[in-house]
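Going line by line, the protein sequences match chains W and A.
Just so it is clear: in the first sequence, position 30 is 30 by the numbering used here, and no numbers are missing.
Just so it is clear: in the second sequence, position 4 is 1004 by the numbering used here, and no numbers are missing.
Worth flagging that the hints you see were computed from the coordinates, not collected in a lab.
Values in this document were obtained by computation on a predicted structure and should not be read as measured data.
In this text, a Cβ means the ideal position worked out from N, Cα and C, and glycines have one as well.
Fair warning: there could be bad hints in the mix.
Stated by the list, open to error - Here are some, though not all, of the chain A residues that point toward chain W, as calculated from beta-carbon distances under 8 angstroms:
1) V1110
2) L1120
3) F1140
4) S1704
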Amino acid sequence: MNVLVYLVPLALGLGLAGLFGFLWALRSGQYSDVDGAALRILSDDDVENKS
Amino acid sequence: MAGSATDLSLYARPDDDGRLSMDLAVEGVTCGACIGRIEGAVKQLPGIAEARLNYTNRRLHVVWSDGAVEPSRIVEALEASGYHGHPFVPLRAEEEEAAEARRLTRCLGVAGFAAMNIMLLSVSVWSGNASDMTSETRDFFHWASALIALPAAAYAGRPFFQSAWRALKARTTNMDVPISIGVVLALAMSLVETAHHAREAYFDSAIMLLFFLLTGRALEHAMRRRTRAVAGNLAALKADTANRFAGDEIVTVPVAALRAGDKLLVKSGERVPADGIIASGRSEVDQSLITGETARRRIAPGDAVYAGSLNYDGAMTLTVTAAAGASLIDEIETLLEKAASAKTRAMRLADRASRIYAPVVHATAALTCIGWLVAGASWHDAIVTAIAVLIITCPCALALAIPAVQVVASGALFRANVILNAGDAIERLAEADTIIFDKTGTLTLPEPRVVNPEHVDPELLQMAARLALSTRHPLANAVAREAVTRVPYDGAVEEPGRGVRAVIDGIEARAGSAEFCGAPQLATLPGLSYIYFVHGARTAAIGVTQSLRPDAVETVARLRALGLDLRILSGDRPEAVRPVAAALGIDKWGAALKPGDKIGLIEDLRRQGRKVLMVGDGLNDAPSLAAAHVSLSPISAADLTQAQADAVFLGERLAPVLEAVVVARRARALMSQNLWLAVIYNAVAVPVAIAGMVTPLIAALAMSGSSLLVTLNALRARRGGTA
Chain W
1 MNVLVYLVPL
11 ALGLGLAGLF
21 GFLWALRSGQ
31 YSDVDGAALR
41 ILSDDDVENK
51 S
Chain A
1001 MAGSATDLSL
1011 YARPDDDGRL
1021 SMDLAVEGVT
1031 CGACIGRIEG
1041 AVKQLPGIAE
1051 ARLNYTNRRL
1061 HVVWSDGAVE
1071 PSRIVEALEA
1081 SGYHGHPFVP
1091 LRAEEEEAAE
1101 ARRLTRCLGV
1111 AGFAAMNIML
1121 LSVSVWSGNA
1131 SDMTSETRDF
1141 FHWASALIAL
1151 PAAAYAGRPF
1161 FQSAWRALKA
1171 RTTNMDVPIS
1181 IGVVLALAMS
1191 LVETAHHARE
1201 AYFDSAIMLL
1211 FFLLTGRALE
1221 HAMRRRTRAV
1231 AGNLAALKAD
1241 TANRFAGDEI
1251 VTVPVAALRA
1261 GDKLLVKSGE
1271 RVPADGIIAS
1281 GRSEVDQSLI
1291 TGETARRRIA
1301 PGDAVYAGSL
1311 NYDGAMTLTV
1321 TAAAGASLID
1331 EIETLLEKAA
1341 SAKTRAMRLA
1351 DRASRIYAPV
1361 VHATAALTCI
1371 GWLVAGASWH
1381 DAIVTAIAVL
1391 IITCPCALAL
1401 AIPAVQVVAS
1411 GALFRANVIL
1421 NAGDAIERLA
1431 EADTIIFDKT
1441 GTLTLPEPRV
1451 VNPEHVDPEL
1461 LQMAARLALS
1471 TRHPLANAVA
1481 REAVTRVPYD
1491 GAVEEPGRGV
1501 RAVIDGIEAR
1511 AGSAEFCGAP
1521 QLATLPGLSY
1531 IYFVHGARTA
1541 AIGVTQSLRP
1551 DAVETVARLR
1561 ALGLDLRILS
1571 GDRPEAVRPV
1581 AAALGIDKWG
1591 AALKPGDKIG
1601 LIEDLRRQGR
1611 KVLMVGDGLN
1621 DAPSLAAAHV
1631 SLSPISAADL
1641 TQAQADAVFL
1651 GERLAPVLEA
1661 VVVARRARAL
1671 MSQNLWLAVI
1681 YNAVAVPVAI
1691 AGMVTPLIAA
1701 LAMSGSSLLV
1711 TLNALRARRG
1721 GTA
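Use the sequences and the hints to build the structure in full.
Next up, the structure:
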């Protein structure tokens, strides 16, 4: 059962990473326009800019 | 726009980097391609640093470097690509709500993270307890759970703890007090149990509780925020501009920028943008938006006019006065204050439920503790059982039961073109048993329509309609609406206050007053006016009046079929109200009523125990809307009136009133169903808890099961259409 000593903290660490990812996404406004984000991916104006 | 500059600097706000930003509500956004088109159009202007369209709430945020571009150019660029942009200043309340929503989502994220990880550990403990887990391993898992649960609860529980503390300081109690007590006790007990190497701890229950409660809270907030954002957009769409004299030049400015003493030009067919005194010009104004009266009033220099009056005949100049100068507005504001303070706030279903809830739960827990002590159990066991009762009765399902239905129902109303101003309006709408309609602008369309198209030679009607396109006179607008090909005639000349003339097929044609057209004057009925048309020897008289909303008869019949008592109370003359009441088959009507009279009648109905739904649009209706149990108003209503209404409906049809009642009644039924589900859940779970048989596993299953059930039931409010 010694394996638990580092597996449990590891699991917690992964969870925390997910939580910080969520908080970062929230802070950077990723949830302020959920409908728009679904549509923006379809626009290819970034491709035109390169040419 | 050509010829006059528009000054929108009022809306530009400086940010920290010395740049300016502006928010616009954009009309005409229909699909994903609009995002690129709108942002592209604005970004082509010089000096634009950022242009981002929020597709969810149809708002465009533009940032530019100061002096690089005039704000009005942004609106023009949008106009050129086929969209209407309406600049606005975001309300403080809206920004505060956005911050609150972010806080709740952060708390929800933390609680979700903690609940999942603790559950991971708890499932191991439960299965370990059933097999061969050593007590050291179990303690390790419990301490790890405590390590996650305590900071997470301290963070994610703040919305509840703070609200409970505020309530206690004010020596009252609310739903958050029992919630906070339950969570804190469950955590404290688990900590003590863990320290004593016990087999069971309730960390998972406490955090899951917070997670479900936060979900309910976040849902409720999301609904409030969505309706607030839509209402903000509508206000921006309605924000009118005024033509202000700057010296001899005329500058178009937003109405919000007007100050007392400004001189304004009001052209024919425009609404008066602010209260004022006529400085020069003579005209007739239609004050139906203010008083409900459809007869027009003649005005001359020195007369006072109210904002919202429609100018019919000639251009006039106006000196803006402070709103306090107008006696009618004063009267209405006094009535409004009285009505608002007299209104007994209807107690919300959730409040009623929570008022019963807290004492019952705490008494049950106390009795459980005493009962076990009397039965000879140890202090430790009695307290643990009592706390288990508190945990199992914690109102997850109760807290989700109503917000979940509200969110789903407000979405259904939104699709039916009804926008809620108040969150608890759904419950009050469902209770309404009497509907009082205002006539002008509510049962009838806000703009007049042609009444006798079938009595006019179609060829003449088309000619008259195309000729009428060349003027902005409100009666002529009604005629112009009949035009099939919307092309005005070349060389049409308007003679202000008299009519329009043009040469059609080599013969002079005139549309306007009888005298202008040389036609015999027909007798006009109240509310009915004639536009005369002459083309050579042929003449026509086109009747124009306020006509009923297209589906008014059908909607009224269906409302009556729902068992509602319908009435009309109007500020207009009896001769104008009678035919409308007759057409709709409503026999209880009152006419020539002042705002005070309407309130009096509503008060009488309330004393008889009726719940009145008031539907009105005029400024004169604002106090009645505030006094009624619940109120609706069309989007064309006066601003002050709309602010009083619990919900606003869009479009030309009256059907949204019916939809609102139907959806609200269904939602109300689901809310009480959900509350009963919560009661049944408690009726089953509480005896088990009192018997001391609730393990953390049972608590987790019961709580998440009942919350899911209630949420799924709420989704049934989605079904649109009329029942």
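Against the structure, the hints:
1. Using the Cβ-Cβ criterion of 8 angstroms, the hint placing A:V1110 at the interface with chain W is satisfied: the shortest such distance is roughly 7 angstroms.
2. This hint holds: A:L1120 has a C-beta 7 angstroms from the nearest C-beta of chain W, less than the 8 angstroms allowed.
3. Taking 8 angstroms as the C-beta cut-off, the interface hint given for A:F1140 holds, the closest approach to chain W being about 7 angstroms.
4. At about 19 angstroms, the closest approach between the beta carbon of A:S1704 and any beta carbon in chain W exceeds 8 angstroms, and the interface hint on this residue is violated.
The structure shown violates just one earlier hint, number 4.
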